[in-house]
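When you get a sec, could you build the whole thing from the sequences and use the hints?
Protein chains in written order, with our numbering: chain Y, 12 to 272; chain H, 12 to 272.
Incorrect hints may have been included.
Said to hold, decoys possible - Covered by chain Y, per the in silico footprint, the following chain H stretches (three or more residues, Cβ under 8 angstroms):
no.: 1; stretch: 44-56
no.: 2; stretch: 162-175
no.: 3; stretch: 248-255
Derived by calculation from the structure, the hints in this document are not laboratory data.
As the structure is a prediction and not an experimental result, all values here were calculated from the model.
A virtual CB, placed ideally from N, CA and C, is assigned to each residue, including glycine.
Listed here are the chains, written in short residue letters.
2 protein chains.
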Amino acid sequence: MIGIFDSGIGGLTVVKAIMENLFGYDIIYFGDTARTPYGTKSSETVKKYALENTEFLLSKGAKIVVIACNTASSVATESVAENFDIPIFEVITPAVELSINTSHKACIGIIGTRATIKSGIYEKKIKEMNPHARVYSKACPLLVPLVEEGWLEKPETKMIVKKYLHPLKVRQIDTLILGCTHYPLLKNIIQKKIGKKVNVIDSSIAVASNVRAFLEKHQEVDALLGKKGRCGFFVSDVTDQFEKTATSMFKRDIHLEHVKI
Amino acid sequence: MIGIFDSGIGGLTVVKAIMENLFGYDIIYFGDTARTPYGTKSSETVKKYALENTEFLLSKGAKIVVIACNTASSVATESVAENFDIPIFEVITPAVELSINTSHKACIGIIGTRATIKSGIYEKKIKEMNPHARVYSKACPLLVPLVEEGWLEKPETKMIVKKYLHPLKVRQIDTLILGCTHYPLLKNIIQKKIGKKVNVIDSSIAVASNVRAFLEKHQEVDALLGKKGRCGFFVSDVTDQFEKTATSMFKRDIHLEHVKI
Chain Y
12 MIGIFDSGIG GLTVVKAIME NLFGYDIIYF GDTARTPYGT KSSETVKKYA LENTEFLLSK
72 GAKIVVIACN TASSVATESV AENFDIPIFE VITPAVELSI NTSHKACIGI IGTRATIKSG
132 IYEKKIKEMN PHARVYSKAC PLLVPLVEEG WLEKPETKMI VKKYLHPLKV RQIDTLILGC
192 THYPLLKNII QKKIGKKVNV IDSSIAVASN VRAFLEKHQE VDALLGKKGR CGFFVSDVTD
252 QFEKTATSMF KRDIHLEHVK I
Chain H
12 MIGIFDSGIG GLTVVKAIME NLFGYDIIYF GDTARTPYGT KSSETVKKYA LENTEFLLSK
72 GAKIVVIACN TASSVATESV AENFDIPIFE VITPAVELSI NTSHKACIGI IGTRATIKSG
132 IYEKKIKEMN PHARVYSKAC PLLVPLVEEG WLEKPETKMI VKKYLHPLKV RQIDTLILGC
192 THYPLLKNII QKKIGKKVNV IDSSIAVASN VRAFLEKHQE VDALLGKKGR CGFFVSDVTD
252 QFEKTATSMF KRDIHLEHVK I
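As structure tokens, this is what we get:
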């Protein structure tokens, strides 16, 4: 199975992108809804949670794991890779590669949670690939609660998005990385507020292509993965909101299993 | 010591009210910042956290405990009282009593997190004391993240508060209970949007009077409490935001000690 975890519901955008890119692969998802959000917590705490989540996915039969959470990807990927002997994917590198390959002016904006932006990981990775790139980042801590509330089209959400994007707009970025797996749900507003000429990069789509490319190259890993279209959703806390969002995203009833972690 | 816990920083409004009502009493505070917020989690999870937090405060010498979190007060007070043999205070009953005693029309509004409102506890307690009272409640899940971001005066915050209060305003309530310890930080905006004739009840002030009245009546408990003006702040995760908010609320540097829980 392909194991995927996130701090909550944001990682479902990654599940959806992987379902569309790798049709019929068995997927197991863990949303750490009891301990969400990760974006406001310290690195040590997020590392501990990421290790526990990976162990849970492995116990359920995952053969590769996607860290579908930018905060955990930025602070915990190394720890997870050191502790477990399976392929680990994170959502940052694929988005960075795509941004470098498609940006004409190498003038790139990044939005994310406070923890992701503070870690400076996008900036560091972009500069490693293109030392001349100009990179501007902006933490947008209110977007996750707005998405979790389902306020996807409200005027207040539009105003808050506009306010957050303003400093990036004045820098005339040509590419914007959505550095949080919740943000694709606000992609329309974000595209409108940053301007239609800016290429908005959705890390969930980028990581899904990356996993597919890896599996095409590593047939021995691909052979370990079930392809019966099964999908299991586990959460550390069952809330109404999670079921509502999952059901509306996948346009079918989603059964959530509760696990203690 | 007086032990006080909350899911995060909101309970500091209770610490402040207790400091002002019970001058010089030793206080120990625990903010469960690693597992915040509680308001979106299930009752079982919140109960487990409340028991762990109380145990921590007791291990540090607390002789009475104030549950300075509406969500935990509404779902976990009974569990905590059953498991520990010390006086336990919660923030709901004092606010309910104050609202019943001061409302002329017995037409009372309540705002809180989704978990608090869903529990129906305010409504139940108000009806027990006055079966003729009309009670209207509204969950305001975005207010906690707005407060935690320090967006106390932003136009978006004002719009969101106005939108949340609208259904209560049309009911012509004469009393509004702030059913979340974060909300006193937005009291000015709330008072303005609900109307200046509405009596806004701050549960942190109500619980502080309640604790004082209890100690005046129970000298044997009062004798157990230190009165050297010492104050210890513990958190399960140290974040910049927490230190900033604590420092600005108390207008002095606050030292936060990190504990694993």
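Evaluation of the provided hints:
For the stretch 44-56 of chain H, the stated coverage by chain Y holds: 8 residues have a C-beta nearer than 8 angstroms to a C-beta of that chain, and at least 3 were required. Evaluation of the coverage hint for the stretch 162-175 of chain H: fulfilled, as 6 residues show C-beta separations to chain Y shorter than 8 angstroms, against a requirement of three. Given as covered by chain Y, the stretch 248-255 of chain H passes the check, having 4 residues with a CB less than 8 angstroms from a CB of that chain where 3 are the minimum.
The structure shown violates none of the earlier numbered hints.
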